[in-house]
Amino acid sequence: MLILIISVCFAGGKQPNDSGLKLLNVRTELGVSLSEDPLTIVFIVENNSKNELKMSPLGTSDSRIVLIKPDGTEVELFAWAEVTKFIIVKPGESFTQKMPLERIFTSKALRLNGKEPFELNEKGKYNMYWKIGEVKSNQILILKE
Amino acid sequence: MINKAIVFLFCVLFCSLAFSGESEIVLDIGIEMDVQPTTLCFTLQNHSESDFSAMPLGNANSKIIIVDPDKIKYELFVSEKIAKPIIIKPGESKVWKLKNFEFLKGNLSIMNAKDLKMDKKGKYIIYWQVNESKSNEIIMLKE
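Going down the list, the sequences are from chains A and B. Numbered by this note's numbering, the letters in the first sequence go through residues 782 to 926 in order. Numbered by this note's numbering, the letters in the second sequence go through residues 749 to 891 in order.
Treat the hints as calculated values from the structure; they're not laboratory data. Check the hints yourself; a few may be wrong.
Computed cross-link-like contacts, SDA-like style, restricted to lysine to any residue with a CA-CA straight-line distance of at most 20 Å [to be verified]:
#1 Lys869/B - Glu817/A
#2 Lys847/B - Leu815/A
#3 Lys842/B - His795/B
#4 Lys845/B - Glu926/A
If you want a taste of the chain B side facing chain A, the calculated C-beta under 7 Å gives, among others [said to hold, decoys possible]:
#5 Gly778
#6 Lys837
#7 Tyr875
Simulated coverage check for chain B against chain A, where a stretch passes if three residues somewhere in it have a Cβ under 8 Å from a Cβ of chain A [as the list claims (entries may be wrong)]:
#8 816-823
#9 865-874
#10 881-888
Where a beta carbon is used, it is the ideal one built from N, C-alpha and C, also for glycine.
Build the full structure now, drawing on both the sequences and the hints.
Here you go:
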């Protein structure tokens, strides 16, 4: 089932806007919420294209949270969950998702190169970004002491 | 011909020396993990070969800039009369921290941003500028 979902997401072309590989005029941004406590990261996607954008929830399928560790290696937050409900963003609209920062750092769904489970204990500077298919967001710098 | 080449090379060398200074000062804004309340970290790295004299946040040439959802730009200055510069040696860095986004809650004296209340909904962009060096931008969402 999971393989089927992933293959559908990355099929490209025939879907009305699968966010798989071609996402022209789609913009992704990472920010910090001023309205949430504890510290919460906001994931904003703007669909400036003429088609609907269909994407999976955060950390599933082609919607990946990526952390660059202090030593430069990248880890992905990737949930091996079945995606049953996709997010549809209409042309000209934007959609915001949120996730507490602590949850990202303590998630057991972290994968090193998409494979081995991983924990983030190292002190130093982390950079985080979000990508939907090939579209990457800005990076947020996180300091862990 | 040789003279022109020498003049050209001299100009290139002069320009590279003249404009290289500020890029050796690297500014970053980040958020601190594992700390409550939420804290912004302002890091200055001195990659030059000489000492860098840095003023505390919001003083003199150290400006925090906020662009509100209407694209209006505010510069935040702390109205301290006496602020001592900090010397950052080559290869070293200095981190300043603002807990709980103090400047957003009016705990700091803000001289030229009295109208900034941060109550508009939308995206705010924050960055930091020291002389000509500019940090990355942080997006903050008010809902």
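Do the numbers back the hint for Tyr875/B, that is, is its least Cβ distance to chain A under 7 Å?
-> 12 Å, violated
Between Lys842/B and His795/B, does the CA-CA distance stay at or below 20 Å?
-> Given that 20 Å is the threshold and the Cα spacing comes to 12 Å, the pair holds.
Given hint Leu815/A paired with Lys847/B - CA-CA distance at most 20 Å = Measuring from Cα to Cα gives roughly 13 Å; hence the hint holds.
Quick one: see if chain A covers the region 865-874 of chain B, three-plus residues with Cβ-Cβ under 8 Å.
-> holds (count 3)
How about Lys837/B: closest beta carbon in chain A under 7 Å, or not?
-> 20 Å, violated
With chain A as the partner, please determine if Gly778/B meets the hint condition of a C-beta pair closer than 7 Å.
-> 3 Å, holds
Mind checking, does the region 881-888 of chain B have 3 or more residues with a CB under 8 Å from chain A?
-> holds (count 5)
Assess, step by step, whether the Cα of Lys845/B is no farther than 20 Å from the Cα of Glu926/A, and give holds or violated.
-> The given pair, whose Cα atoms are some 13 Å apart, holds under the 20 Å limit.
Tell me if chain A covers the region 816-823 of chain B under the three-residue, 8 Å CB rule, please?
-> violated (count 0)
Taken at face value, is the distance from the CA of Glu817/A to the CA of Lys869/B at most 20 Å?
-> This hinted pair holds, its Cα atoms lying about 14 Å apart.
Of the numbered hints listed earlier, those contradicted by the structure are 6, 7, 8.
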